[in-house]
Amino acid sequence: MSVNYTTVQWNRQKRRYDRIMLGLMALYLLTFSFLQLFFYPLISPETLIIRATGTLAFIMLQFILCIGPMARLDRRFLPLLYNRRHLGVTTFLIGALHGVFNVIQFHSLGYVDPIFSVFASNTHYASLQDFPFQVLGFFALLILFLMAATSHDFWLKNLSPRWWKSLHMLVYLAYGLLVFHVMLGVVQLEQSPAWIGFVGFGLLTLVSLHLMAAGVEKKRLEDQMDKPAVGEGFYLVCSAEDIPENRAKMVFLEGQNIAVFRYEGKVSAVNNICRHQNGPIGEGKIVNGCITCPWHGYQYLPNNGQSPPPFTEKLETYDVKIVDGMVWVNPQPYPEGTERPAAIIQA
Amino acid sequence: MNEEFYIGWQDKAPKSYGQWVKYVIWTLVLLVPIIAGLLVLNQRGFIASKYEISRLRTLEGILITEPIPCLKIPLGKNKIFKQNASFWEKLKVTLKNDNVGVAPFQRILLVGIGKKSAIPALEALAKKTGKSLTGKGIRLMGKLIYYDGVVAFELGPQKQLFQGFSKLKDEATKPVQLGKATLRGEILDPKCYLGVMRPGEGKPHRSCAIRCLAGGIPVFFKAKTKNGVQQYCFVLDQNGKPINDKLATYVADEVQLCGAIEQWDNWYVVKADEFKQLMPYWGKGMVMCE
Numbered sequence: 064m065s066v067n068y069t070t071v072q073w074n075r076q077k078r079r080y081d082r083i084m085l086g087l088m089a090l091y092l093l094t095f096s097f098l099q100l101f102f103y104p105l106i107s108p109e110t111l112i113i114r115a116t117g118t119l120a121f122i123m124l125q126f127i128l129c130i131g132p133m134a135r136l137d138r139r140f141l142p143l144l145y146n147r148r149h150l151g152v153t154t155f156l157i158g159a160l161h162g163v164f165n166v167i168q169f170h171s172l173g174y175v176d177p178i179f180s181v182f183a184s185n186t187h188y189a190s191l192q193d194f195p196f197q198v199l200g201f202f203a204l205l206i207l208f209l210m211a212a213t214s215h216d217f218w219l220k221n222l223s224p225r226w227w228k229s230l231h232m233l234v235y236l237a238y239g240l241l242v243f244h245v246m247l248g249v250v251q252l253e254q255s256p257a258w259i260g261f262v263g264f265g266l267l268t269l270v271s272l273h274l275m276a277a278g279v280e281k282k283r284l285e286d287q288m289d290k291p292a293v294g295e296g297f298y299l300v301c302s303a304e305d306i307p308e309n310r311a312k313m314v315f316l317e318g319q320n321i322a323v324f325r326y327e328g329k330v331s332a333v334n335n336i337c338r339h340q341n342g343p344i345g346e347g348k349i350v351n352g353c354i355t356c357p358w359h360g361y362q363y364l365p366n367n368g369q370s371p372p373p374f375t376e377k378l379e380t381y382d383v384k385i386v387d388g389m390v391w392v393n394p395q396p397y398p399e400g401t402e403r404p405a406a407i408i409q410a
Numbered sequence: 028m029n030e031e032f033y034i035g036w037q038d039k040a041p042k043s044y045g046q047w048v049k050y051v052i053w054t055l056v057l058l059v060p061i062i063a064g065l066l067v068l069n070q071r072g073f074i075a076s077k078y079e080i081s082r083l084r085t086l087e088g089i090l091i092t093e094p095i096p097c098l099k100i101p102l103g104k105n106k107i108f109k110q111n112a113s114f115w116e117k118l119k120v121t122l123k124n125d126n127v128g129v130a131p132f133q134r135i136l137l138v139g140i141g142k143k144s145a146i147p148a149l150e151a152l153a154k155k156t157g158k159s160l161t162g163k164g165i166r167l168m169g170k171l172i173y174y175d176g177v178v179a180f181e182l183g184p185q186k187q188l189f190q191g192f193s194k195l196k197d198e199a200t201k202p203v204q205l206g207k208a209t210l211r212g213e214i215l216d217p218k219c220y221l222g223v224m225r226p227g228e229g230k231p232h233r234s235c236a237i238r239c240l241a242g243g244i245p246v247f248f249k250a251k252t253k254n255g256v257q258q259y260c261f262v263l264d265q266n267g268k269p270i271n272d273k274l275a276t277y278v279a280d281e282v283q284l285c286g287a288i289e290q291w292d293n294w295y296v297v298k299a300d301e302f303k304q305l306m307p308y309w310g311k312g313m314v315m316c317e
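Protein sequence lines correspond, in order, to chains Y and X.
With the first sequence counted from 1, adding 63 to any position gets you the numbering used here.
With the second sequence counted from 1, adding 27 to any position gets you the numbering used here.
Derived by calculation from the structure, the hints in this document are not laboratory data.
All the given hints hold, so there is nothing to weed out.
Chain X is nowhere near these chain Y residues, computed Cβ spacing over 12 Å in every case:
1. Gly151
2. Leu156
3. Phe202
4. Leu236
5. Val293
6. Ser302
7. Met313
8. Gly352
9. Gly388
10. Gln409
What the simulated footprint calls covered on chain X by chain Y, stretch by stretch (three residues with Cβ under 8 Å from a Cβ of chain Y suffice, anywhere in the stretch; the number is not a length):
11. 36-44
12. 62-73
13. 141-147
14. 232-244
Quick caveat: nothing in here was measured; it's all calculated off a predicted structure.
Idealized CB from N, CA, C, for every residue including glycine.
I would like the entire structure built from these sequences, with the hints used as guidance.
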């Protein structure tokens with residue numbers, strides 16, 4: 064969380080994250096280059112750079128896309144999610160290195176502009192097998208550039224989380240383009256089952272993880288389906304005892320995604336969507352009196368949905384009441400940051 | 028419930044999270060070299076082509092500018108360039124001329140800097156010297172590119188290119204007619220394939236080869252049989268003119284060419300009157316045209 068925009072708001076975990084990321088990247092590049100020069104010393108330096116950076120960027124993107132569902136399936140992966148944007152920006156930079164070397168190598172020093180050449184050299188656009196695969200890589204890199212350029216919280220705030228998230232969902236399109244970029248490009252030259260298997264295994268893993276995470280999410284949503292209303296617009300949610308201390312019960316009521324928190328003998332309800340990156344507030348915890356989002360640690364006060372000063376993020380709040388130990392919530396939202404009295408749990 | 032909760036901006040992650048992340052990191056430390064190794068070891072390798080990128084040499088020979096710019100270098104009475112005549116014999120092409128497979132001259136393909144033909148640089152040189160250079164003995168500076176007995180020469184910078192005339196006289200050598208044949212193989216640009224790029228063939232190189240052919244670099248053909256015997260040829264149209272525009276679209280595909288085969292000193296040239304894409308590659312390499 065920040066009040067003013069800074070380039071990178073460093074903290075100890077981000078620094079460690081980046082050091083480990085760079086270390087693993089160096090390990091890959093050094094291993095790839097060493098083995099390449101040892102087994103295939105005839106490779107040209109340009110081809111070595113193109114292949115090392117291309118494979119690394121693809122592997123990194125694959126890993127990035129796996130982090131989300133892995134964190135949904137097992138919360139212990141959340142530290143990988145925390146600084147994922149640095150991983151994303153670095154993936155773009157490695158991919159850009161690959162792209163620039165390709166354009167220099169294959170398209171420069173001719174009679175036409177190198178970028179124009181990317182689109183106009185191979186014109187078999189109607190053929191799957193002969194499709195100009197470099198064009199696919201170009202558009203994938205363009206998407207990664209847009210994501211990297213707008214990765215900062217400045218853009219998140221100004222584009223709004225909804226639009227920002229929509230823009231960043233294009234990463235799946237970029238991944239799809241890159242799968243075809245690889246299959247219609249280098250795989251057709253190498254024709255090795257290992258390369259095909261590598262891409263196929265990655266794709267299968269990614270799809271499986273997303274389906275598993277979707278299954279878990281579906282089950283959670285089914286558990287939160289609308290409860291029967293009882294008078295004055297209040298819905299029965301659960302027993303107060305069913306909500307662990309400093310944790311929440313998440314419910315969908317009349318289209319509202321609500322997190323009902325229990326803390327210090329009280330219950331409050333706020334909107335379940337974090338204002339930072341739409342994280343699931345209800346999977347968070349109350350830490351030092353503040354609801355804390357599990358994704359990036361954004362915080363809100365449970366009684367009014369406001370981030371503690373000087374921060375300015377705000378959530379909608381809801382009326383809550385407790386009758387005979389049962390929690391009832393009115394899904395009519397109050398404007399963001401509106402203070403609502405917490406319901407007291409009777410001893 | 029005292030379940031641990033992870034917050035990224037805190038100095039330390041809870042113990043259970045930290046321990047798990049350590050497992051993940053060590054798994055990645057093991058996996059990363061394995062993935063790199065698998066990808067490297069499953070490549071098909073690279074040919075031993077050579078581009079003398081940092082070495083300028085001077086070559087002396089007789090300049091030919093059309094249809095394929097080259098230097099003809101006499102090999103001397105006792106030095107005869109032996110060609111791979113066995114390729115044609117294996118494919119049951121009747122070699123009627125006893126001289127097929129040997130040549131008193133070695134032709135060295137001339138190419139320009141980048142993806143460009145040698146012609147503009149040679150025309151500028153002719154303008155500068157005020158003489159037609161075709162058929163003259165000449166010394167040129169540039170960089171050698173070679174593989175498997177085929178040599179190209181990238182012309183050096185314009186200021187250093189012309190190193191003077193030589194006393195060599197052109198001895199016109201007649202093309203040897205080998206008959207009409209059908210060849211199967213891949214269309215390439217010779218500059219990249221012979222050494223400027225490794226690999227200089229296949230789908231990833233397609234756009235580059237198209238640019239080279241568009242720049243006027245002659246069409247080069249790697250003909251091969253199904254058991255891997257191969258032979259290189261330059262490709263012209265049936266009238267002996269460059270055919271780059273028509274063949275550029277077939278680069279990197281398996282292609283069948285049909286036409287008259289000629290030997291020009293140490294080169295083979297196909298004067299193609301038919302060409303089509305083969306998919307998938309199924310050919311036996313070469314058969315006589317019907």
